[in-house]
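Q: Residues per chain, in single letters:
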Amino acid sequence: MNDRGQRILLWTAPPAVALFALAYLLFPVFSPPLSPTLTPDQVAAFFRSNVTGVLGVAILCNLIACSLVPLFAVTAVQISRTASSSPVLTYAYIICVGVGTTAFILADYCWGMAAFRPDRDPQLTSLLNDMAWFFFIAPVGTIMVQNLCFALSVYLDERRDPIFPRWVAHFNVATVALLAPSAFSILYKSGPLAFNGALSFTLRLTTFAVYIAVMFWALLRAVKHQGHDRVALA
Amino acid sequence: MATAPNPEAGQARSWRQNRKLDQWIAFWSVPFFFTLFGLVFVPLSWMMPPRSPSSTTPLIVDFMRSHNLLVACVILTLAFGLAPVSYSCYLIQIRRMSVSPAFRYSMMIGAITGAIVGMLFPMFCFGLGAFRPGYSPAVLTMLYDFGYLAFIGSLGCFCVMWMAFGLAILLDQNNILPKWLGYYTVWQYVTELMAAPVWIAKSGPFAWNGLLTFWFAMTLYVSWQFIVYLCIYRAIKNQPEAELDNARPELQPAALDNGSRMGA
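Protein chains in written order, with the working numbering: chain Y, 1 to 234; chain F, 235 to 498.
Hints were generated in silico from the structure; no laboratory data involved.
Everything numeric in this text was worked out from a predicted model, so none of it was measured.
Please note that the accuracy of each hint is not assured.
[To be verified] One-sided and incomplete, this derived list gives chain Y residues near chain F with beta-carbon spacing under 7 Å:
#1 Y91
#2 Y155
#3 L156
#4 E158
#5 I186
Even glycine gets a Cβ: it sits at the ideal position worked out from N, Cα and C.
So here's chain Y without its partners, still in its complex pose (with noise of 0.2 Å):
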């Protein structure tokens, strides 16, 4: 009976998907995205005309978290089901999944406290606004490595009828080499590099999104292909 609570956890996906979408266009950060050549001035000021849009999404923020949690543990869940010698890819797994979050976690602190006082030094809002771009944009080497993992698994499963369909591991190997860029924002203040650019920014996000609804669907169809195989996630 393990797979009817996995879909149970599967289908709380789609609500946090629609409910990061919404802080998203909610978020007034990001429409459009703000500059990293702005004055430590400019910044306080955008805080300062700003505080209900950016305090309520990061309040939204601190909610959802981690909701998508569940849809990586089911991952988690499949993986350990692939045949090969030992869960050390899922482990893997797992603890790149606690990292990463907690990474989002402190972009979201980092804009909500940069909106609590918005009358602070425009030197610290500033600090506040870059650290939370850092932490928001470029922490990209867990979840390079968790999908690499997940690919890993699907590649080195020797079970007959595999779990997953090859082309996901294929899927996930170049949602690696789409989400390296964001780790260069770091170096570039304007260009498609910079936190805000098209690679940095769209592309990561774009490419997050599209990840999530392929592993949705990849996860349901793996979960309802289960049936009464048993499965220890060690």
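Based on these hints, arrange chain F on the given structure of chain Y.
A: Relative to the frame of chain Y, chain F by itself:
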């Protein structure tokens, strides 16, 4: 498919047929990660060996604005996901031991908390200063302090990891890892606690760049870490193929109950 029932043929098979391929890939990512980690912190950014907590403001400001800190930050943000893989290499060995899963879960949680507070956050403190050189010296010195204190002074999460690891080795009856490594680990993490005074001392042996808190603790830690991974290498190598989760997958699709986890 797996067509190698004969264990004698072990050496002759190509790497692709290796039954422990997942473990070996994870294991060999460890030296790669630690090499990058060393490069980032030492020759690239010169964050390590640590600068003095009592250095003058102009020196701190000068250091915090160096462009290399940004390059180091980029490499670390790309690579820090490999730290979880290196910890997973410990976890799979603890799983083979005759101890409660609580030990590996403790380690796992320690690894999750430690990665941000002990690695990503301090690195970002240094990167943020260099990202916007216009920050006032007061902000830069705060980032400097925060970066070093979080990097050298974060102890609790790692402490619980090594404690769980050491205890698991000592309590294990399957002799997965040698008992002396258990005692060595306990001794190592107790000695590491010596770094606690970095939050108080601004100079001398207990400052964050001190003889005891940094040099002595780091020497112990690096040599211990090296020995641990040698032992883990041997443990992976010596694990009998019949014990692997993918032993005869057609009979045990979920790879369960194959005798390697009698304790649990």
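Q: Hints first: check each against the structure and report whether it holds.
A: Evaluated hints:
| no. | hint | verdict |
| --- | --- | --- |
| 1 | Y91 | holds (4 Å) |
| 2 | Y155 | violated (9 Å) |
| 3 | L156 | holds (5 Å) |
| 4 | E158 | holds (5 Å) |
| 5 | I186 | holds (5 Å) |
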